[in-house]
Structures are given as C-alpha cells and as structure tokens.
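Below, each chain spelled out in residue letters.
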Amino acid sequence: MSSVRVLVGTKKGGFILNSDEARKRWKVSGPHFTGWEIYHMKGSPADPDRLYASQTSGWFGQIIQRSNDGGRTWETPGGGMTKSPEGMPQGESNKFVYDVSPETGHPLTTHQWYDGTQHPWEFKRVWHLEPSLHDPDSVYAGVEDAAIFRSTDGAHTWHELSGLRGHGTGPKWQPGAGGMCLHTILLDPSDPGRIYVAISAAGAFRTDDGGKTWKPINRGLKSNYIPDPNAETGHCVHHIAFNSARPHVLFMQKHWDVMRSDNAGDDWQEVSGNLPTDFGFTIDVHAHEPETIYVVPIKSDSEHFPPDGKLRVFRSRTGGNKWEPLTKGLPQRNCYVNVLRDAMAVDSLDSCGIYFGTTGGQVYASADAGDSWSPIVRDLPAVLSVEVQTLQ
Amino acid sequence: MIRVLLPFHLRRLANVEGEVELEVEGLATQRAVLDALEARYPALCGTMRDHATQQRRPFIRFFACAEDLSHESPDAPLPEAVAQGAEPFLVVGAIAGG
Numbered sequence: 001m002s003s004v005r006v007l008v009g010t011k012k013g014g015f016i017l018n019s020d021e022a023r024k025r026w027k028v029s030g031p032h033f034t035g036w037e038i039y040h041m042k043g044s045p046a047d048p049d050r051l052y053a054s055q056t057s058g059w060f061g062q063i064i065q066r067s068n069d070g071g072r073t074w075e076t077p078g079g080g081m082t083k084s085p086e087g088m089p090q091g092e093s094n095k096f097v098y099d100v101s102p103e104t105g106h107p108l109t110t111h112q113w114y115d116g117t118q119h120p121w122e123f124k125r126v127w128h129l130e131p132s133l134h135d136p137d138s139v140y141a142g143v144e145d146a147a148i149f150r151s152t153d154g155a156h157t158w159h160e161l162s163g164l165r166g167h168g169t170g171p172k173w174q175p176g177a178g179g180m181c182l183h184t185i186l187l188d189p190s191d192p193g194r195i196y197v198a199i200s201a202a203g204a205f206r207t208d209d210g211g212k213t214w215k216p217i218n219r220g221l222k223s224n225y226i227p228d229p230n231a232e233t234g235h236c237v238h239h240i241a242f243n244s245a246r247p248h249v250l251f252m253q254k255h256w257d258v259m260r261s262d263n264a265g266d267d268w269q270e271v272s273g274n275l276p277t278d279f280g281f282t283i284d285v286h287a288h289e290p291e292t293i294y295v296v297p298i299k300s301d302s303e304h305f306p307p308d309g310k311l312r313v314f315r316s317r318t319g320g321n322k323w324e325p326l327t328k329g330l331p332q333r334n335c336y337v338n339v340l341r342d343a344m345a346v347d348s349l350d351s352c353g354i355y356f357g358t359t360g361g362q363v364y365a366s367a368d369a370g371d372s373w374s375p376i377v378r379d380l381p382a383v384l385s386v387e388v389q390t391l392q
Numbered sequence: 393m394i395r396v397l398l399p400f401h402l403r404r405l406a407n408v409e410g411e412v413e414l415e416v417e418g419l420a421t422q423r424a425v426l427d428a429l430e431a432r433y434p435a436l437c438g439t440m441r442d443h444a445t446q447q448r449r450p451f452i453r454f455f456a457c458a459e460d461l462s463h464e465s466p467d468a469p470l471p472e473a474v475a476q477g478a479e480p481f482l483v484v485g486a487i488a489g490g
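Residue numbers (the working numbering), protein chains in the order written: chain A, 1 to 392; chain B, 393 to 490.
No lab work stands behind these hints: they were computed from the structure.
Every value quoted in this text rests on a predicted model; they were computed, and no experiment measured them.
Don't be surprised by glycine CBs; every beta carbon is placed ideally from N, CA and C.
Any given hint could be a false lead.
In silico SDA-like links for lysine to any residue, alpha-carbon gap of 20 angstroms or less [unchecked claim]:
#1 A:K124 <-> B:R423
#2 A:K11 <-> B:E464
#3 A:K328 <-> A:R315
#4 A:K11 <-> B:A486
#5 A:K95 <-> B:P450
#6 A:K11 <-> B:I487
#7 A:K95 <-> B:H401
#8 A:K12 <-> B:N407
#9 A:K12 <-> B:F451
#10 A:K95 <-> B:R423
#11 A:K95 <-> B:R432
#12 A:K95 <-> B:A428
#13 A:K124 <-> B:I487
#14 A:K124 <-> B:R448
#15 A:K124 <-> B:Q447
#16 A:K95 <-> B:Q446
One-sided excerpt, in silico: chain B residues whose CB lies under 8 angstroms from chain A [stated by the list, open to error]:
#17 L402
#18 L405
#19 A435
#20 G438
#21 T439
#22 H443
#23 Q447
#24 R449
#25 F451
#26 A468
#27 L482
Taking CB as the label site, the calculated pair distances span [claimed, not checked]:
#28 B:E417 <-> A:P375: 35 to 45 angstroms
#29 B:P450 <-> A:T117: 16 to 26 angstroms
#30 B:Q476 <-> A:P375: 50 to 60 angstroms
#31 B:D442 <-> A:N224: 34 to 44 angstroms
#32 B:E417 <-> A:T73: 31 to 41 angstroms
#33 A:N334 <-> B:P450: 38 to 48 angstroms
#34 B:D460 <-> A:Y225: 50 to 60 angstroms
#35 B:G477 <-> A:T73: 33 to 43 angstroms
#36 A:L133 <-> B:A431: 45 to 55 angstroms
#37 B:E464 <-> A:R72: 38 to 48 angstroms
#38 A:Q332 <-> B:A458: 36 to 46 angstroms
#39 B:Q447 <-> A:P227: 27 to 37 angstroms
#40 A:H159 <-> B:Q447: 53 to 63 angstroms
The following block holds chain A by itself, in its conformation from the complex (with noise of 0.2 angstroms):
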C-alpha cells in the first residue's frame, strides 16, 4: 500500500500532511519550528525518512533540521562543537561560508546591486534543499545571495562548490524583487556529474563535472526589463522542472515567457502559447507524461494574483504552446493569492497527483493529474514551499 508525505514550508512554520493512495483523507503535523519562516522542506529519495528542512529568520539567521524519522523528530546536525585555532566555538550545521581559499574557492567578488552599483556578496538564508538520489548523507543546498553549497555528512558541514559563483558572470548578476537567491537545484538521474540550477536574476547555469565547473544555459531567453535582452545573464529564471525519465528536456517558469529546452538548456524556445499571462512562478511536470507540464499563470509587475481573481492552473499536454485551465474545485471569484516558484510539486502513484500551496495558506490537492482538486488544508501560514514523497 503506498502513501503520500506532502511537506510544507511556510512563513510561519513547517507542516507535514500524510494520505494513503487514495489522498482523500489527510492527516495534518505541525507546525514544527514555529514562529521561523520555513523556507524548504524535502526529503532523500535514498532514505524517505530523512528530512532536510531550511529554518532561517532575518532576526536570527539561518538553521538546518534534520530529521531520521520522517519527521516526527528533529535535529540540528553537528550539536557538537569545535574550536577554531583561536578557541572561538563554531557551530557547522548552519555554517555557510563562501569558499574563498586559493586552493580550493574563488576571491569574493562583488554582484550588481538594484541600482547598478556593485554590491558585497552576503549570505543570506537557503532557499532550498536538494538531497542526493543516492546517499542520504549528501545534500545540496542554494542559498542567498546566489550560491550552491554541498554536505556529504547528513548536513553537518558544508562547503560552496564555488566555480559557481566564481565562473566569471557574477558580477553581472542581480537580486530580483525577493532575493538575490538560487532556487532551484536539479540533479540528472541519468548522469551522476550533471546538475541544473536556476538564480533569481542571473538565470539558469549547469554544470557536466558534478559541480567543478558551472556554464550559463541561456540562450533563447529574452528579458526586455535588462539593457540586453538576449545577455548571457541577467534573466530572472522563476523555476525550473523536468521529468526525471527525460532529464535533458527542461521546462522553465521565467519572470515574463514560459520556456522549454531540448538539449539540456543548450537553446531555448518560448511556448508559452495561448496562457492568459506567460507571468507566474512555478511550473511542474507531470511524474508520467513528460510533454505534460503545469503553470499557474499571474498577473503581473506588480499585482501577483491571479487573472480575475480566478485560481487556475494551466496544463499543457504537448509540451507547452496548447494550454487548457484546470478549474474544477479552486476558486474562480475573489482568489488573490500567489503560488511561489517551490510551491508545487507531483507524485508518482499510478495517477499522478498534483499539489501546490498559496500565499494564504491553502494547500491543494489533485489525485487526477489536475482534473479536479480539493484543499488538503485551507488556513497555513503563508505556503513557501510544497514538496511531495511518495512511499511505498
């Protein structure tokens, strides 16, 4: 008999919903960390009952939970101490230092701030958390201000895998409206060395080498809000998706344009056909069909809600270009809420469910590959982040 862990991160806390098959009947735990924006929550496809989750706090920075119990229990990594040659105590699981040693790390150099100028590099909060398909102890982690960080022991420690942010475009990128953040982490299922990642506004960079050696992938994006609109960076990548059986063909929310690539980000090619808007922040595909894509268009620049304040998420079942509204069960009056680039994700039982949080609160649930969808909870805090395991 399988199940369904859907982990949810909010502004206010994390909470972890739990269905059978038949994901009618859902059992509500939380809210864990209460009071700490919680900004990501996922668990290792090698281990299910390990459970990465990202704490942070403007007030009080940033924490790393752990839990070995899919959950119900948690733990900051490395409780215990060392001592730096001075004798000053550090704590290491909530230790995110660019890497700028000469052996191993680049110099720190400086990104473009909001008005041009350039800008210290700053470590802000991880924005989310990618384990290993393979080792439970390994996890990635991206992090504002944009930079992909690596633990090999269960989140102890950490360490940037800095050619990243030290390929040569850094300066070039900018925060976007919320953070100068990397958001999204990808890794290939077919290729070990092979891992996408998407920053908000630099764009989308893959590396071949298991993170040694990083490269734009942006071309075929156009930005009209940069000086160039077909730079190398600059882009305000949303988020992106693939199907994990076909990991080389990605699907990419961007700030204005749903996109899609067939070699790997190589080019790009727009498709976000006949959407009410091509605005919106996440997209996802479905665990099965992989021409099956979902957005949730919004308006925007500046309003981010939905078109007439209808809740609808658009499937596309040709790979983009043709898209239908999913309406049955969301509101389709006075709906005004926002869905965020983490905020959706799918799980893999034979009819593949669908899940995506809003900013108020709601959690939604479709068991019918979007045909229908009901609330699993309706009052959260804020949703950041939704992610969903299935188990066997």
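Could you slot chain B onto chain A? The hints should help.
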C-alpha cells in the same frame, strides 16, 4: 554565575525555558558570555553572531541593567551586576516595526 535571557525563538532552538545560567571563566565580557552560551547550546552558533566575522547580527541587541550594550566592545567588561548574577544579560531580537 551569569544569567542570560534569550528571546523566544532562541529558547525554542536551545530547548530551554526561562533564564540560562552560565559559569564564565575570567573576565565577564559579551564575548565570554556568548562563547559560553554557544558552548552549552551549539544550535545557537550563528544565530547571534556571524559565523565568519563573529560580528553581532544586525537585528540582535544586547541589553543589561537598563543599558544598550549592543555597540560596546565584545571584550569590554559587563556591568558588575551582570557579572555577579544580580541582573540578567538580555539577548533581544530588535523590534523593527509594529
């Protein structure tokens, strides 16, 4: 013995209730108190001071004896009443709005 009062979120993180009582060797300074606090509760490392620079986080304040000690040198002696345990050392999350 030095008494430290943490804000709610850090009490939860350290899994403590009420005040924390610490033994601090040598001169009682901010640095000595924070070192002792982090040594007892490693989960607090990085939440009050930056990992790399050891600078106070911008939205953290240190109060004691009705004084704001946030901008004092971390190696300056704390008030005698704090060093003697008569008054607590307060770690406060700055109030930035209503």
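Results for each hint:
{"no.": "1", "hint": "A:K124 <-> B:R423", "result": "violated, 23 angstroms"}
{"no.": "2", "hint": "A:K11 <-> B:E464", "result": "violated, 33 angstroms"}
{"no.": "3", "hint": "A:K328 <-> A:R315", "result": "holds, 13 angstroms"}
{"no.": "4", "hint": "A:K11 <-> B:A486", "result": "holds, 19 angstroms"}
{"no.": "5", "hint": "A:K95 <-> B:P450", "result": "holds, 17 angstroms"}
{"no.": "6", "hint": "A:K11 <-> B:I487", "result": "holds, 18 angstroms"}
{"no.": "7", "hint": "A:K95 <-> B:H401", "result": "holds, 19 angstroms"}
{"no.": "8", "hint": "A:K12 <-> B:N407", "result": "holds, 18 angstroms"}
{"no.": "9", "hint": "A:K12 <-> B:F451", "result": "holds, 18 angstroms"}
{"no.": "10", "hint": "A:K95 <-> B:R423", "result": "holds, 19 angstroms"}
{"no.": "11", "hint": "A:K95 <-> B:R432", "result": "holds, 18 angstroms"}
{"no.": "12", "hint": "A:K95 <-> B:A428", "result": "holds, 19 angstroms"}
{"no.": "13", "hint": "A:K124 <-> B:I487", "result": "holds, 19 angstroms"}
{"no.": "14", "hint": "A:K124 <-> B:R448", "result": "holds, 14 angstroms"}
{"no.": "15", "hint": "A:K124 <-> B:Q447", "result": "holds, 14 angstroms"}
{"no.": "16", "hint": "A:K95 <-> B:Q446", "result": "holds, 12 angstroms"}
{"no.": "17", "hint": "L402", "result": "holds, 6 angstroms"}
{"no.": "18", "hint": "L405", "result": "holds, 7 angstroms"}
{"no.": "19", "hint": "A435", "result": "holds, 4 angstroms"}
{"no.": "20", "hint": "G438", "result": "holds, 5 angstroms"}
{"no.": "21", "hint": "T439", "result": "holds, 4 angstroms"}
{"no.": "22", "hint": "H443", "result": "holds, 5 angstroms"}
{"no.": "23", "hint": "Q447", "result": "violated, 12 angstroms"}
{"no.": "24", "hint": "R449", "result": "holds, 6 angstroms"}
{"no.": "25", "hint": "F451", "result": "holds, 4 angstroms"}
{"no.": "26", "hint": "A468", "result": "violated, 17 angstroms"}
{"no.": "27", "hint": "L482", "result": "violated, 14 angstroms"}
{"no.": "28", "hint": "B:E417 <-> A:P375: 35 to 45 angstroms", "result": "violated, 56 angstroms"}
{"no.": "29", "hint": "B:P450 <-> A:T117: 16 to 26 angstroms", "result": "holds, 20 angstroms"}
{"no.": "30", "hint": "B:Q476 <-> A:P375: 50 to 60 angstroms", "result": "holds, 57 angstroms"}
{"no.": "31", "hint": "B:D442 <-> A:N224: 34 to 44 angstroms", "result": "holds, 38 angstroms"}
{"no.": "32", "hint": "B:E417 <-> A:T73: 31 to 41 angstroms", "result": "holds, 34 angstroms"}
{"no.": "33", "hint": "A:N334 <-> B:P450: 38 to 48 angstroms", "result": "holds, 39 angstroms"}
{"no.": "34", "hint": "B:D460 <-> A:Y225: 50 to 60 angstroms", "result": "violated, 43 angstroms"}
{"no.": "35", "hint": "B:G477 <-> A:T73: 33 to 43 angstroms", "result": "holds, 34 angstroms"}
{"no.": "36", "hint": "A:L133 <-> B:A431: 45 to 55 angstroms", "result": "violated, 37 angstroms"}
{"no.": "37", "hint": "B:E464 <-> A:R72: 38 to 48 angstroms", "result": "holds, 43 angstroms"}
{"no.": "38", "hint": "A:Q332 <-> B:A458: 36 to 46 angstroms", "result": "violated, 57 angstroms"}
{"no.": "39", "hint": "B:Q447 <-> A:P227: 27 to 37 angstroms", "result": "holds, 35 angstroms"}
{"no.": "40", "hint": "A:H159 <-> B:Q447: 53 to 63 angstroms", "result": "violated, 22 angstroms"}
Hint compliance for this structure: hints 1, 2, 23, 26, 27, 28, 34, 36, 38, 40 are not met, and every other hint is.
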